[in-house]
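Participant: Residues 19 to 374 in the working numbering are what the sequence shown lists, from first letter to last.
A few of these clues could be false.
[Claimed, not checked] Restraint ranges, calculated between C-beta atoms of paired labels, are given here:
# : residue 1 : residue 2 : range
1 : Phe357    : Lys177    : 18 to 28 Å
2 : Pro164    : Asn119    : 24 to 34 Å
3 : Gly334    : Lys139    : 21 to 31 Å
4 : Gly279    : Asp364    : 45 to 55 Å
5 : Lys56     : Ala339    : 14 to 24 Å
6 : Asp135    : Thr294    : 20 to 30 Å
7 : His281    : Asn119    : 21 to 31 Å
8 : Asp143    : Asp179    : 19 to 29 Å
[Stated by the list, open to error] Calculated lysine to aspartate or glutamate pairs in the DMTMM-like style (CA-CA distance at most 20 Å, straight line):
#  : residue 1 : residue 2
9  : Lys293    : Glu240
10 : Lys181    : Asp122
11 : Lys296    : Glu142
12 : Lys296    : Glu99
In case anyone wonders, no lab produced these hints; they're calculated from the structure.
Built from N, CA and C at the ideal position, the CB exists for glycine as well.
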Amino acid sequence: MKFSILPVILLMLVTSGCSKESGPKQWLVFEGSDGPGKGKHIVLISGDEEYRSEEAMPQLAKILSTHHGFRCTVLFSQDPEKPGIVNPNNYTPIPNTKALNDADLMVIGTRFRNLPDEQMKPIEDFLLAGKPVVGMRTATHAFDVPASSNYAHWSHNYKGDKKEWKNGFGELVLGTTWVSHHGWHKNESTRGIAVGNHEITNGIGDGDIWGSTDVYGVTWPENNDCVAVVMGQVLAGMEKDSPPLGPGPYEKVPGYGKHQGFHKNNPMMPVAWTKTYKLPDGKTGKAFATTMGASIELPVEGTCRMIVNGIYWSLGIPVPAEGTKVDIVGSFEPSMYGFLNDPYWDENVVYVEDFE
19 MKFSILPVIL LMLVTSGCSK ESGPKQWLVF EGSDGPGKGK HIVLISGDEE
69 YRSEEAMPQL AKILSTHHGF RCTVLFSQDP EKPGIVNPNN YTPIPNTKAL
119 NDADLMVIGT RFRNLPDEQM KPIEDFLLAG KPVVGMRTAT HAFDVPASSN
169 YAHWSHNYKG DKKEWKNGFG ELVLGTTWVS HHGWHKNEST RGIAVGNHEI
219 TNGIGDGDIW GSTDVYGVTW PENNDCVAVV MGQVLAGMEK DSPPLGPGPY
269 EKVPGYGKHQ GFHKNNPMMP VAWTKTYKLP DGKTGKAFAT TMGASIELPV
319 EGTCRMIVNG IYWSLGIPVP AEGTKVDIVG SFEPSMYGFL NDPYWDENVV
369 YVEDFE
């Protein structure tokens with residue numbers, strides 16, 4: 019696994035998390051340069067064990083701070099007994115969620131996390147304030163909290179007494195919870211097809227949005243205001259120029275597709291959309307969600323531009339007609355997605371500061 023080395027002349031990394039005297043860094047802060055985002059603070063929360071959000075979020079933060087002026091704080095999953103060592107397989111904790119207290123935007127890419135109350139509270143307060151949220155890939159199933167917890171209703175499969183929280187954070191805030199792999203995982207990649215002329219697709223041409231991850235199944239609740247921005251065309255292969263998948267029958271289908279006439283591309287599933295959200299007793303906020311965003315997809319210019327354009331839209335910053343700048347900062351060789359067992363992380367120790 020290789021990591022970005024950012025030239026000092028491009029970006030100043032503020033010592034954060036812990037000083038060298040007191041211990042290793044547990045999070046990173048990238049100070050913004052000049053740009054439309056100057057004066058705004060974005061907190062990016064990694065924490066999934068499959069799609070390498072621990073790689074994606076630091077690189078996205080570098081793009082946002084270097085090219086657009088945002089101050090960015092990046093958080094990581096860690097073993098509480100080994101602070102400063104990234105461990106995506108540890109579902110709790112994610113230190114420094116209190117950084118959200120002065121944040122203007124939260125970008126979240128977690129999967130099935132169970133954070134302690136003191137780390138959930140800043141996330142809850144942020145959402146109660148109606149501040150904007152961007153959810154990437156597994157954020158639709160960001161939390162898996164036991165029934166005994168004060169935050170059990172945040173779980174991706176919640177069906178309890180708090181009716182507004184049906185299916186948890188994913189459905190209430192982003193519009194959908196985990197449903198399925200609509201495309202065949204690691205066999206059928208995704209081409210993004212823009213819907214209309216939304217500003218989030220500014221500067222993105224036909225075929226520019228592509229990812230080696232598969233299309234997710236998406237089900238929006240009734241009476242929602244979700245607006246599809248990009249639909250996901252399932253491809254018959256793992257290359258950017260693979261042809262669209264034709265009608266079935268297929269070797270691999272989601273449970274809801276096991277019937278005659280099922281066609282994965284008719285209709286297509288959304289892979290990027292906008293909506294508003296409102297927690298009970300909270301203010302109304304904006305959300306942009308995409309089921310793309312694995313680290314390996316950030317070097318795809320159109321895909322990365324869709325995400326950064328979505329961040330601009332979420333913050334109410336006009337998206338340039340030519341789209342946002344998304345040049346990779348420093349060297350960046352993202353890993354292929356996939357689960358890595360505990361011995362892997364024991365043998366390949368990754369420190370938070372490795373992502374500087």
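Participant: So, for every hint listed, does it hold in this structure?
Facilitator: To see whether the hints hold, each was checked on the structure:
The hinted window of 18 to 28 Å between phenylalanine 357 and lysine 177 holds, with their beta carbons roughly 27 Å apart. Look at proline 164 against asparagine 119: about 26 Å separates their beta carbons, and that is inside 24 to 34 Å. Against the hinted window of 21 to 31 Å, the Cβ-Cβ separation of glycine 334 and lysine 139 comes to about 26 Å, which satisfies the hint. As the Cβ distance of glycine 279 to aspartate 364 is approximately 49 Å, the hint placing it in 45 to 55 Å holds.
Range check, lysine 56 to alanine 339: Cβ separation about 21 Å, and the 14 to 24 Å hint holds. The supplied range of 20 to 30 Å is met by aspartate 135 and threonine 294, whose beta-carbon atoms lie about 27 Å from each other. Separation of histidine 281 from asparagine 119 is about 47 Å and departs from the stated range, judged on CB atoms against 21 to 31 Å. Taking the beta carbon of each, aspartate 143 and aspartate 179 are about 23 Å apart, inside 19 to 29 Å as hinted.
With a CA separation close to 13 Å, the supplied pair lysine 293 and glutamate 240 stays within the 20 Å bound. A distance of roughly 28 Å separates the Cα atoms of lysine 181 and aspartate 122; the hinted pair therefore is violated under the 20 Å criterion. Note on lysine 296 and glutamate 142: the hinted pairing holds, with a Cα-Cα distance of about 11 Å set against a maximum of 20 Å. Our distance criterion of 20 Å between C-alpha atoms is broken by lysine 296 and glutamate 99, whose separation comes to about 36 Å.
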